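Those protein sequence lines, which keep their order, are chains A and B.
Sequential numbering from 54 applies to the first sequence in our numbering.
Sequential numbering from 54 applies to the second sequence in our numbering.
Hints were generated in silico from the structure; no laboratory data involved.
Pairs of lysine to any residue, SDA-like flavour, derived with a Cα cap of 25 Å: (1) Lys57(B) <-> Cys197(B); (2) Lys243(A) <-> Val325(B); (3) Lys244(A) <-> Ser297(B); (4) Lys80(B) <-> Lys166(B); (5) Lys340(A) <-> Gln343(B); (6) Lys251(B) <-> Ala304(B); (7) Lys57(B) <-> Pro180(A); (8) Lys340(B) <-> Arg344(A).
Chain A side only, calculated, beta carbon under 7 Å to chain B, not exhaustive: (9) Trp214; (10) Leu221; (11) Ala225; (12) Arg249; (13) Ile256; (14) Ser260; (15) Ile263; (16) Asp332; (17) Arg344.
Note that the structure is a prediction, hence the values are computed from the model and not measured.
The beta-carbon is built from N, C-alpha and C at its ideal position, and this holds for glycine as well.
2 protein chains.
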Amino acid sequence: MSKKSQKVKLGLVQMKCSDDPEANTKKVLRRIEEAADRGAQIISTQELFRTPYFCQTENHDNFEFAEPIPGPTTELLAKAAKKNKVVVIASLFEKRAAGIFHNAAVVIDADGKVLGKYRKMHIPDDPLYYEKFYFTPGDTGFRCFQTRYAPIGVLVCWDQWFPEAARLTALAGAKILFYPTAIGWHPSEKKEYGERQKSSWEIIQRSHAIANNVFVASTNRVGHEGSKKGGIEFWGHSFISDPSGRIVALAGCAEEVLISTVDLAEVEFNRVHWPFLRDRRVDAYGKLTQRFID
Amino acid sequence: MSKKSQKVKLGLVQMKCSDDPEANTKKVLRRIEEAADRGAQIISTQELFRTPYFCQTENHDNFEFAEPIPGPTTELLAKAAKKNKVVVIASLFEKRAAGIFHNAAVVIDADGKVLGKYRKMHIPDDPLYYEKFYFTPGDTGFRCFQTRYAPIGVLVCWDQWFPEAARLTALAGAKILFYPTAIGWHPSEKKEYGERQKSSWEIIQRSHAIANNVFVASTNRVGHEGSKKGGIEFWGHSFISDPSGRIVALAGCAEEVLISTVDLAEVEFNRVHWPFLRDRRVDAYGKLTQRFID
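Produce the complete structure using the sequences and hints provided.
Structure below.
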């Protein structure tokens, strides 16, 4: 099968966050501008770029960080999207109603219009990642957004460990899965487990690319946040995987705007040459909706 | 959480096959003996070890290779299992009834009793892998076998590309997923795509270990079979992955009996420290039984 090229340039904004939401927002807007100047057409932020990763503690004051979607930050991003003719995927702390908050992502098309939002479906809760305190589990389900440049899906951080999430998003039509992320090391564990943890994180996301014959683009946070002896060291290493699971662009562990061109024709090509979707045993998958088969 | 060790020694018999089923069967029995002598407790063959990989052509005569399960080969393997007090996982071409053939795997416990069988659920059909001609898709579903040494699951080759298969087998209770396999390169493609294909194959299986916090043990065939200029070069590289996706044992591309000890306590440990099963959104996975969401 011949490949008729359908190239799209992606931009992943990997950055460090301060305690100042205004400063972080300005920084992300500058980086979006930079990515657009370098030709990026679809630009993704990391998870919760407006704030420090406040989930390291359970503190009711942090709910003040939340805002509606659309809301003030969405508006700023929409202006940038329209001005630069770029699609923007932005992870935001959403205030939906009194007492209902989501870890959400808004998708803004290249004309500045909000295409919709995704609300993080899988919510972690681990030492220093107390997300179940803050975020009501999402109710959007797994979605595809028909942007100007590509049909895309957005999933957020912890979602990346669940093949079901990637599969459903791909089945909805997404050819690129974006994962705004905030993952890092507990400094005390880094020496013993650090490399292995990062490797697991890469492999699981590359596997979604393979299983679904899609691109995966994961944008992670960098920098150390939290207590000096403890806290979290966000490991960066944002990356883009092609549908064979090969990393075609990889950031380091410092701030970086990662730019890379992908060719959506590879999705078509891989779907025909590695025809997994043809052979799924949909008649035998019913028990995937069970917690455990006991 | 402390880890109370539950060690099990695995043996993967990676071998070259001749055109003579009797010779191949004798070879596998010798290798099972060797693995047992080296301490292996659960031993897996590669896919369809009794025969050459006959699916390279569509030839009705090849149905002669099939036999019932239990049947003559099961009996020989059961004797070896009992004598050596080892669990044997063997991939066999099953004749179930006139015109109904399966690519199956039999699981024999360490006392020689047949625990049951798995019939390959996902059947490929690609150039030189004409399996849809030979094998009726399995109807066993995804199973866990309570062997003497561990609760295990068996999936076969093409199944490895489907996260659903691994998930359902793990949810049924399996702590080790075995993948008897026959995968290789088309020699004409090897230079351009070979390394990437093998890498995709490793990553997707390592991802099943990660997503389900289980061990994965994949036994592949070696050697070139088929026409001299074409055919398939089976790439070997049988491996065992721990629940973090790290390869803990890796064979080369020649005949080898790969032996390695795994500790099932790591499954318990990882399930608590990377609690993916806790957070699956079973309420939102219903559409996994759809072919496509359109």
